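Construct the entire structure; sequences and hints are all you get.
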Amino acid sequence: MKDFALMMIGAALVNNVILARFLGLCSFMGVTTRIDTAAGMGLATTFVITVSSMADWAVQHYLLDAYGLGYLRTVTFILVIASAVQFTELTIRKVSPSLFQMLGIYLPLITTNCAVLGVALLLVEGHMSFIGSTLFAFASSLGYSLVMIIFAGLRERLALAQVPRLFAGPPIAFIVASLLAMAFMGFSGISTG
Amino acid sequence: MVRVDGDRVWFEPEQTTSCGHCASSAVCGTGANGIGSVASRIELRRFSLDNPAGLRVGERVVVGVDDRALIKAALTAYALPLLTALTAGGLAQGVAGDDLVTLAAMVVGLFFGLAGARIAARRLAARGELAPRFLRRAAPSGVMT
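Respectively, the protein sequence lines represent chains F and P. Mapped onto our numbering, the consecutive letters of the first sequence carry residue numbers 1 to 193. Mapped onto our numbering, the consecutive letters of the second sequence carry residue numbers 1001 to 1145.
Taking CB as the label site, the calculated pair distances span:
hint, chain 1, residue 1, chain 2, residue 2, range
1, F, Gly68, P, Leu1135, 57 to 67 Å
2, P, Glu1129, F, Val75, 34 to 44 Å
3, P, Phe1112, F, Ala82, 24 to 34 Å
In silico contact screen, one side only, chain F against chain P (beta carbon under 7 Å); selected entries:
hint, residue
4, Leu43
5, Ala44
6, Thr50
7, Leu103
8, Ile131
Since the hints were derived computationally from the structure, they do not count as laboratory data. Source: prediction; values computed, not measured. All residues carry an ideal CB built from backbone N, CA and C; glycine is no exception.
The structure is reproduced here in structure tokens:
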């Protein structure tokens, strides 16, 4: 239990998907202009990463490893992720058309989010059990959502701030992102302290 | 706005993908619902409102939802099924300690969570918390404001 808890803290904060592994940067800059859209995107990505990692684990163990098809891993995982996104889209539409109208816009974007594939490939390198890999994927995506929401909050404040014209817009957003990354570097002390 | 149906009017969101700007987008995929046009996705996301201001077909409008509606919707659709799946998986791992059993339990938990999300979404929709609201008319397409 303690091992799982430490692994999840490490995945969410110390080795954060966005700020330490530099995955999912497109959505990090593109969907963080408002907190509610960032939270919507974060939760949708959390769902897809967790569900696709469950499927990826099964495919890796019962298909790729069993038949020596490891060289097809990347292609197979891309297919699994696209299928997971389609599954999510169809399910949300069936569960509630109102929710689908509101949230459907985020789902196609997730298919091309490299954080989803990146986490799936990290799981293979980790040689984890099913529950371990699922919790790792869940914690990684929670870390992704956390950073998205924090950054969106900062950008909402930045929109009201007096910024020199030279830095207005994306430049100041990148500077703030770098400061946020430096702040998250503080979590790396957890592993050595 | 795309259709008038008695007192109700139907809208389609404006949306183009990056590949929709490609010169070949019109012939990409199958017919008018090609990948570049994203028409197939947009048709699925049509929604209706009471005709708020005598709108006519072809007019562009700005609609909005309540500030917290998006977060409530996302929590209902994604967080609830995930929590039930993880809870079921954790319990199965504690009881059986076998990967295959845990996987099966998580899939079952996921479907129970989706059923719960359906009930919660119906309640939200019945209270009108997910419904978009007409805000104002937008400028005609191609006019900069």
